[in-house]
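J.: Sequence:
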Amino acid sequence: MRSENTPFVGGPLDGRVLPVLVGMTGQPPKTYEVPVPDAGGGPPVRHVYRRVPGRVGRLGLPHGWRYEYDPEGKSSGDGPKWPWRKRR
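Residue numbers for the sequence shown, in the UniProt record's numbering: 1 to 88.
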């Protein structure tokens, strides 16, 4: 698989550039979760980063991606939000 060096903004990974695996379309995942183990042996704390467009070129198209820290930390594990589906 191919990887792409992606910068991280905010949170514990602020200023770091890490290689992130890209999918078949050449884009990294929409969310990136970093589990940090608890010192007391409890459940690990998850830091969530969201993918946003990197710098924007002259034509208004994004050139690359970057991850920004999401302090709320809610991952998007619910799947796609279809308009014909009712939320329960």
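Possibly wrong hints are sitting among the right ones.
[To be verified] Have a look at the derived ranges for each label pair, beta carbon to beta carbon:
no. : residue 1 : residue 2 : range
1   : Pro80     : Ser3      : 23 to 29 Å
2   : Val56     : Gly15     : 34 to 40 Å
3   : Leu59     : Glu4      : 29 to 35 Å
4   : Glu72     : Gly40     : 19 to 25 Å
5   : Val36     : Pro83     : 15 to 21 Å
6   : Pro83     : Pro62     : 36 to 42 Å
7   : Val17     : Pro43     : 37 to 43 Å
8   : Val17     : Gly57     : 32 to 38 Å
9   : Arg2      : Pro44     : 17 to 23 Å
10  : Pro44     : Val22     : 39 to 45 Å
11  : Gly15     : Glu72     : 18 to 24 Å
12  : Ala39     : Asn5      : 29 to 35 Å
13  : Pro80     : Pro35     : 21 to 27 Å
14  : Gly57     : Trp82     : 29 to 35 Å
[Stated by the list, open to error] Below 16 Å or equal to it, Euclidean Cα-Cα: the simulated EDC-like pairs (lysine to aspartate or glutamate) are:
no. : residue 1 : residue 2
15  : Lys81     : Asp38
16  : Lys30     : Glu4
17  : Lys30     : Asp70
Hints were generated in silico from the structure; no laboratory data involved. Note that the structure is a prediction, hence the values are computed from the model and not measured. In this text, a Cβ means the ideal position worked out from N, Cα and C, and glycines have one as well.
J.: Checking against the hints above, which ones are violated?
T.: Hints 2, 3, 5, 6, 7, 8, 9, 10 and 15 contradicted; others consistent.
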